[in-house]
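Asks: Now for the letters of each chain:
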Amino acid sequence: MSQSDILVRLVNLKKTYFSGPLSVPVLKGINFEVKKGTFVGIIGTSGSGKSTLLNILGMLDIPTEGKYILEDIEVEKLSDSELANIRNRKIGFIFQSFNLFPHLTVEQNIEVPMLYARVPAKERRQRAIELAKEVKLGHRLGHKPTQLSGGECQRVAVARALSNRPAFLLADEPTGNLDEKTSIEIMKLFHALHESGSTIIMVTHNPALESHFDQVIRLRDGLTEDTVGEVTQ
Amino acid sequence: MILPRDLLSLSLHNLFLHKVRSILTSLGVIFGVGSVIAMLAISEGAKQKALAQLDALGIDKIIVYSKKPPVEAQQQNSNNTQLVNYGLTTKDIGNFAKMDNIASITKLRDSRQPILRGLNRLSTKLAAVDIGFMTESNSKMISGRWLTPADYENRSLVCVLGENAKRKLFTLQTNLLGKTVKVGKYRLRIVGILSNDVGANYPEVGDPNDIIFIPSTTMYSLLKNYAPDSTRIEYDLSLVKVQDIAYIDDTAKRIRSYMEKAHANKQDWDLVVPLDLLKQREATQNIFTIVMSSIASISLIVGGIGIMNIMLASVFERRKEIGTRRALGAQKSDILCQFLIETVLLTTIGGVLGIFTGIGISQLITIYADMPSVYSSWSIITSLAIACFVGIVFGTYPAWKAAQQNPIEVLRSE
Numbered sequence: 001m002s003q004s005d006i007l008v009r010l011v012n013l014k015k016t017y018f019s020g021p022l023s024v025p026v027l028k029g030i031n032f033e034v035k036k037g038t039f040v041g042i043i044g045t046s047g048s049g050k051s052t053l054l055n056i057l058g059m060l061d062i063p064t065e066g067k068y069i070l071e072d073i074e075v076e077k078l079s080d081s082e083l084a085n086i087r088n089r090k091i092g093f094i095f096q097s098f099n100l101f102p103h104l105t106v107e108q109n110i111e112v113p114m115l116y117a118r119v120p121a122k123e124r125r126q127r128a129i130e131l132a133k134e135v136k137l138g139h140r141l142g143h144k145p146t147q148l149s150g151g152e153c154q155r156v157a158v159a160r161a162l163s164n165r166p167a168f169l170l171a172d173e174p175t176g177n178l179d180e181k182t183s184i185e186i187m188k189l190f191h192a193l194h195e196s197g198s199t200i201i202m203v204t205h206n207p208a209l210e211s212h213f214d215q216v217i218r219l220r221d222g223l224t225e226d227t228v229g230e231v232t233q
Numbered sequence: 234m235i236l237p238r239d240l241l242s243l244s245l246h247n248l249f250l251h252k253v254r255s256i257l258t259s260l261g262v263i264f265g266v267g268s269v270i271a272m273l274a275i276s277e278g279a280k281q282k283a284l285a286q287l288d289a290l291g292i293d294k295i296i297v298y299s300k301k302p303p304v305e306a307q308q309q310n311s312n313n314t315q316l317v318n319y320g321l322t323t324k325d326i327g328n329f330a331k332m333d334n335i336a337s338i339t340k341l342r343d344s345r346q347p348i349l350r351g352l353n354r355l356s357t358k359l360a361a362v363d364i365g366f367m368t369e370s371n372s373k374m375i376s377g378r379w380l381t382p383a384d385y386e387n388r389s390l391v392c393v394l395g396e397n398a399k400r401k402l403f404t405l406q407t408n409l410l411g412k413t414v415k416v417g418k419y420r421l422r423i424v425g426i427l428s429n430d431v432g433a434n435y436p437e438v439g440d441p442n443d444i445i446f447i448p449s450t451t452m453y454s455l456l457k458n459y460a461p462d463s464t465r466i467e468y469d470l471s472l473v474k475v476q477d478i479a480y481i482d483d484t485a486k487r488i489r490s491y492m493e494k495a496h497a498n499k500q501d502w503d504l505v506v507p508l509d510l511l512k513q514r515e516a517t518q519n520i521f522t523i524v525m526s527s528i529a530s531i532s533l534i535v536g537g538i539g540i541m542n543i544m545l546a547s548v549f550e551r552r553k554e555i556g557t558r559r560a561l562g563a564q565k566s567d568i569l570c571q572f573l574i575e576t577v578l579l580t581t582i583g584g585v586l587g588i589f590t591g592i593g594i595s596q597l598i599t600i601y602a603d604m605p606s607v608y609s610s611w612s613i614i615t616s617l618a619i620a621c622f623v624g625i626v627f628g629t630y631p632a633w634k635a636a637q638q639n640p641i642e643v644l645r646s647e
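As you go down the protein sequences, you meet chains A and B in turn. 1 is the number of the first residue of the first sequence in the numbering used here; add one for each residue after it. 234 is the number of the first residue of the second sequence in the numbering used here; add one for each residue after it.
Source of the hints: derived by calculation from the structure; they are not laboratory data. Quick caveat, the model's predicted, so the values are computed rather than measured. It cannot be assumed that every hint is accurate.
The list that follows gives simulated cross-link-like pairs (lysine-lysine, BS3-like), each with its CA atoms no further than 27 Å apart [stated by the list, open to error]: (1) K553/B x K144/A; (2) K122/A x K565/B; (3) K565/B x K77/A; (4) K280/B x K512/B; (5) K486/B x K331/B; (6) K35/A x K90/A; (7) K67/A x K280/B; (8) K301/B x K494/B; (9) K474/B x K373/B; (10) K144/A x K252/B; (11) K474/B x K280/B; (12) K553/B x K90/A; (13) K144/A x K122/A; (14) K565/B x K14/A; (15) K90/A x K14/A; (16) K300/B x K324/B; (17) K499/B x K331/B; (18) K412/B x K401/B; (19) K144/A x K133/A; (20) K144/A x K36/A; (21) K415/B x K77/A; (22) K35/A x K67/A; (23) K252/B x K553/B; (24) K90/A x K565/B; (25) K36/A x K67/A; (26) K474/B x K494/B; (27) K133/A x K122/A.
Derived coverage of chain A by chain B (criterion: at least 3 residues anywhere in the stretch with Cβ under 8 Å from a Cβ of chain B; other residues may be distant) [claimed, not checked]: (28) 51–61; (29) 75–84; (30) 88–94; (31) 106–115.
Built from N, CA and C at the ideal position, the CB exists for glycine as well.
Start from the sequences and build out the full structure, keeping to the hints where you can.
Replies: The following block contains the structure:
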């Protein structure tokens with residue numbers, strides 16, 4: 001694969017938290033690359049630095065040292081406003097507890113990232129309907145999240161994450177709040193998206209999901225323990 | 234940055250989600266703005282009423298009138314006779330006429346004749362006036378005619394009834410022209426009915442509507458014994474009209490100094506310059522407005538603090554929403570604007586409701602306390618601007634606080 005196929009590159013990335021005189025190193029030098037179109041799993045127990053890595057990958061936080069390059073953008077050089085812009089256009093967040101807006105309908109929830117991308121209302125609605133159909137919720141457009149099952153909620157969240165056609169989807173334990181049957185359903189959705197070309201980075205503590213990923217990055221104690229390349233199912 | 238239209242609908246949506254809370258929150262502003270509107274309406278009404286009354290007296294006039302002197306002054310000057318002479322004299326009027334800047338002098342003299350209906354004495358006065366009185370008092374005829382030069386020349390036994398005098402004497406009867414009013418042994422033929430709807434009210438004489446007018450010449454020739462209460466007054470009232478209103482104060486000063494000399498120690502006269510009263514009224518009005526607006530601003534500040542409090546609580550309650558929005562790409566400024574506009578909308582909607590509340594309050598005052606209320610577009614625009622301003626002032630801190638929420642922390646605290 002050529003250089004231009006590399007979507008995400010982390011070079012000796014470190015994150016240290018400072019609290020008064022104390023410094024707590026959380027990430028101690030992370031190195032990995034994610035190629036376009038891969039389904040990557042970052043697996044780690046709690047305390048491994050998983051959340052911190054997720055925040056950095058999601059551009060909610062910046063590394064203390066090292067490099068995070070997304071496409072050809074170097075993250076550490078960016079201002080708060082530019083980071084928000086990249087989050088909006090390049091990253092599709094999917095949360096463990098869905099984080100849907102309870103007072104908005106399915107359609108309005110899907111529209112939120114497009115709102116911040118200044119997409120005109122008409123176009124937003126069209127895209128939202130299109131995406132809702134893609135996650136098989138075309139018949140639920142006017143429903144509120146409280147009227148949906150957990151699995152349906154997560155599908156709305158996936159549709160929302162896709163709305164601005166991001167560079168990659170960043171999923172944080174997307175099946176953590178779901179039962180087994182629904183989890184399988186959601187994982188199937190991710191595979192479908194993967195097959196249609198999406199790059200997905202999924203952070204989880206659950207080693208059982210390992211078999212789903214093209215590439216597994218294990219985190220232990222702030223270090224990438226072992227990178228398994230090209231595991232095919 | 235989010236599109237302004239979307240921002241507005243987002244903020245409105247959030248307010249409508251919590252209708253009761255929004256209304257309770259903006260109560261302070263509702264009553265604050267309500268009291269501003271009511272205060273302005275009532276004070277404007279009072280001002281206009283006062284202005285109209287003063288205007289009715291005529292701003293180009295100096296009113297010089299006779300008044301009953303206090304008892305001590307009477308004893309000093311009366312030499313123990315029963316008959317008391319006081320007030321404006323023909324000589325005084327003659328001297329006024331010689332002064333500069335005088336356009337005309339219109340005189341009125343009360344006959345002090347009892348006007349009876351059956352055996353009841355009415356509060357109606359019979360007064361002899363100069364021919365110019367109708368115009369100078371801003372009155373108009375509602376039927377018949379005013380006194381004519383011929384009436385004066387012939388000393389005719391004719392009279393013009395003020396509107397109230399007519400009602401007291403004849404209740405609802407119509408077609409009174411040609412009928413007579415009996416005063417003493419004379420019968421006065423009614424030639425017209427006069428109305429003064431500008432609210433003129435002359436010192437010591439009162440409302441022209443309560444007067445029966447006769448030509449001054451008629452009075453001198455026929456009703457000589459006009460002083461049953463042992464007083465003799467030549468004139469009760471004179472309306473001194475000036476040529477140039479700019480020098481009205483000088484003219485008034487000159488009249489005053491003349492009268493002080495001519496009526497030394499008598500205290501049997503006084504002088505009113507409606508224009509001066511008007512200026513004084515305006516000054517008092519301004520003080521009233523300042524006092525009222527400081528009270529209203531206190532209620533607006535209290536209302537604003539209440540809103541700030543609720544908005545801060547709302548920011549805390551909606552941390553997860555803020556964090557999610559930030560993760561999905563909202564700028565800090567998007568969050569700031571969202572919350573600021575929410576607060577401003579809250580206070581502005583409160584302001585609109587406050588305007589209706591204020592109109593309601595002032596209407597109640599108008600109905601129950603008989604004080605007129607006048608609404609100006611100026612007062613409505615001002616109070617809306619104030620409401621908006623309160624929202625900006627008290628919404629900025631909560632909005633800033635919302636924008637400062639760290640998305641990492643709020644997303645973790647689930």
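Asks: Against each hint, give a clear statement of whether it holds in the structure.
Replies: Evaluation of the provided hints:
Straight-line distance between C-alpha atoms of K553/B and K144/A comes to about 17 Å, which keeps the hinted pair within the 27 Å bound. As the CA atoms of K122/A and K565/B are separated by approximately 26 Å, the hinted pair is consistent with the 27 Å bound. Taken as a hint, the K565/B and K77/A pair is honoured in the structure, with Cα atoms around 18 Å apart against an allowance of 27 Å. Proximity of K280/B to K512/B is assessed by CA-CA distance (about 11 Å); at most 27 Å being required, the pair is judged to hold.
Restraint check: the Cα-Cα separation between K486/B and K331/B comes to about 15 Å, which is no more than 27 Å; the hinted pair holds. Distance restraint check for K35/A and K90/A: the Cα-Cα separation of roughly 15 Å lies within the 27 Å cut-off, and the hinted pair is therefore satisfied. With a C-alpha separation of about 74 Å, the suggested pair K67/A and K280/B falls outside the 27 Å cut-off, and the hint is violated. Between the alpha carbons of K301/B and K494/B the distance comes to roughly 18 Å, so the proposed pair stays at or under 27 Å and holds.
With a C-alpha separation of about 19 Å, the suggested pair K474/B and K373/B falls inside the 27 Å cut-off, and the hint holds. Our distance criterion of 27 Å between C-alpha atoms is met by K144/A and K252/B, whose separation comes to about 19 Å. Straight-line distance between C-alpha atoms of K474/B and K280/B comes to about 24 Å, which keeps the hinted pair within the 27 Å bound. Our distance criterion of 27 Å between C-alpha atoms is met by K553/B and K90/A, whose separation comes to about 22 Å.
A distance of roughly 21 Å separates the Cα atoms of K144/A and K122/A; the hinted pair therefore holds under the 27 Å criterion. Restraint check: the Cα-Cα separation between K565/B and K14/A comes to about 26 Å, which is no more than 27 Å; the hinted pair holds. With a CA separation close to 22 Å, the supplied pair K90/A and K14/A stays within the 27 Å bound. A distance of roughly 17 Å separates the Cα atoms of K300/B and K324/B; the hinted pair therefore holds under the 27 Å criterion.
Proximity of K499/B to K331/B is assessed by CA-CA distance (about 23 Å); at most 27 Å being required, the pair is judged to hold. For the proposed pair K412/B and K401/B, the alpha carbon gap of about 15 Å is at most 27 Å, so the pair holds. A distance of roughly 16 Å separates the Cα atoms of K144/A and K133/A; the hinted pair therefore holds under the 27 Å criterion. This hinted pair does not check out: K144/A and K36/A have alpha carbons roughly 34 Å apart, beyond 27 Å.
Using a Cα cut-off of 27 Å, the hinted pair K415/B and K77/A is violated, with the two alpha carbons roughly 106 Å apart. Between K35/A and K67/A the alpha-carbon distance is near 16 Å, which keeps this suggested pair within the 27 Å criterion. With a C-alpha separation of about 21 Å, the suggested pair K252/B and K553/B falls inside the 27 Å cut-off, and the hint holds. For the hint pairing K90/A with K565/B, the CA-to-CA distance comes to about 18 Å; that is within 27 Å, so the pair holds.
Using a Cα cut-off of 27 Å, the hinted pair K36/A and K67/A holds, with the two alpha carbons roughly 19 Å apart. At roughly 22 Å between alpha-carbon atoms, K474/B and K494/B fall within 27 Å of each other, so this suggested pair holds. Taking the CA atoms of K133/A and K122/A, the gap is near 17 Å; set against the 27 Å cutoff, the hint holds. With 5 residues carrying a beta carbon less than 8 Å from a beta carbon of chain B, the segment 51–61 of chain A meets the three-residue requirement, and the given coverage holds.
Residues of the segment 75–84 of chain A lying with their CB closer than 8 Å to a CB of chain B number 3, which satisfies the three-residue condition for coverage. Under the rule that three or more residues need a Cβ within less than 8 Å of chain B, the assignment of the segment 88–94 of chain A holds, with 3 such residues. For the segment 106–115 of chain A, the assignment as covered by chain B holds, since 3 residues bring a beta-carbon within under 8 Å of that chain's beta-carbons and 3 suffice.
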